[in-house]
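Protein sequences, first through last, are from chains B and D. Just remember that my numbering sits 33 ahead of the position in the first sequence, which is counted from 1. Just remember that my numbering sits 25 ahead of the position in the second sequence, which is counted from 1.
To be clear, the hints were calculated from the coordinates, so they are not data collected in a lab. As the structure is a computational prediction, the values presented were derived from the model and not from experiment. No residue lacks a Cβ here, since even glycine has one placed at the ideal position from N, Cα and C.
If you anchor each label on the Cβ, the simulated ranges turn out as follows:
(1) B:ALA82 with D:LYS144: 44 to 54 Å
(2) B:GLU101 with D:PRO359: 54 to 64 Å
(3) B:LYS95 with D:LEU53: 57 to 67 Å
(4) D:SER328 with B:ASP106: 24 to 34 Å
(5) B:ALA82 with D:LYS363: 55 to 65 Å
(6) B:ARG44 with D:GLY63: 29 to 39 Å
(7) B:ASP37 with D:ARG325: 45 to 55 Å
(8) D:TRP319 with B:ALA82: 52 to 62 Å
Some chain D residues judged to face chain B by a derived CB distance under 10 Å, without partners named:
(9) PRO29
(10) PRO30
(11) ILE32
(12) ALA76
(13) ILE79
(14) PRO172
(15) GLY243
(16) VAL246
Below 16 Å or equal to it, Euclidean Cα-Cα: the simulated EDC-like pairs (lysine to aspartate or glutamate) are:
(17) B:LYS117 with D:GLU203
(18) D:LYS260 with D:ASP333
(19) D:LYS363 with D:ASP257
(20) B:LYS117 with D:GLU239
(21) B:LYS117 with B:GLU63
(22) D:LYS231 with D:ASP186
(23) B:LYS117 with D:ASP248
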Amino acid sequence: MTDDRVFFLPRGIRMRWDSVRQTQVLLGPERALMLDEIGHAVMAEVDGAASVAVIASRLAKKFEAPAEVILPDVAEFLDGLLAKRLLEVRS
Amino acid sequence: MTIPPPIAMLAELTHRCPLACAYCSNPLELLVAKTELGTDIWTRVFREAAALGILQVHLSGGEPASRRDLEQLTAAASEAGLYTNLITSGIGLTRARLEALMAAGLDHVQLSLQGTTAKVADFIGGYKGGFDRKMAVAADIDALGIPLTLNAVMHRTNIADLPATFDMALTLNARRIEVACVQFQGWALKNRSALQPTRDQVETAKRVVAEATERLRGRLVIDFVPPDYYADYPKACMGGWGSTGLNVAPDGRVLPCHAAETIPHLTFPNVLDTGLAEIWNDSQAFNAFRGTAWLPDACRSCSRVTRDFGGCRCQAMALAGDPFAMDPVCKHSPHRAKVDALLAEDAPDGWTYRRMAAARP
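Isolated chain B (complex conformation) (with noise of 0.2 Å):
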């Protein structure tokens, strides 16, 4: 199981440190997720460049588990976000 597409952060969706919470968060419209250290590590993979198999093999490395275990957990993550309209597709 492969899985060729590129998440990339459309216009008007942000990511910072937010330092009065101590936590990443994603802004959008009406919207404001605080991240948790796993989301963090999966939206710092999301360039533009990366499909979600290779974002999948480098956390794979990062976190020393088998790529295809972490491969169908960060493609629900970052399918979610892309239902919300926080994260855009190309393929």
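Based on the hints, put chain D in the right spot on chain B.
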């Protein structure tokens, strides 16, 4: 007890507005231009807001484009680190102003939609030519690639146009649409019976929204605010009093919600003499209905209390005459009969437009 910081600020830059919508949510007494905060004060308030933990600012009004310094205010909010959202009718914006707002760091525009045709929209807004002007602004927003949300306020006169409203959102390349049934606060309360949709209209609207949400998933985000008079349980107004957001009125008074002025025992601090953090954490107005300890026993022992926090305080004030009462919309409220009686009233043919008194020299 530590109070979590607010997430959003509604910056009501002005009450001036070229439109005259019968459902205006601003208070009955509008503030005139000379009482408005200046650019320098707003700049300070935006910095205080960011330091307090506010992430987003909604630049609103009235019509915020009525402020000549809107570009400077947007730049100030953006420089403070806030996500900037402009809530506008579009009237007063031009291609050049939009470009300047983009350069100032504007993140997003929320454009109001009174109707999907000039005839309906101009009738509802009470402003001839407004619809054509708005469509021109929407085309400029799209051409400049500024992320767009449409805010369609629905009521008896236009709720049947919901399918056309979704089509329009797609045509204008909006990413998101808010379908907000009129909330009866401020001026809207004056015109309640003329604006109130029928139960059949609401049921149809719910089906149309559900179908569109499914069909347009990933293309258009749909947020639906149904009219709460027909609900069995109240809305979680403001996500709980003093929990997520605050409003700064044009003259600098800070309110826990849009309609809080209708509650007589509250006093509202002003950014002119009090810091935003002190207002949020320590003021009487923000602490008046925080948490759930002040609620009636029936609410505190209810399993929904962590979901709706006893509902809307201003609605309890308006309908039950008591801001501490259970929201009268709740089916367990002793005042529910008042809501049902209002729903049973016949709708009049017309409404009263909102117009500011002409300025005297």
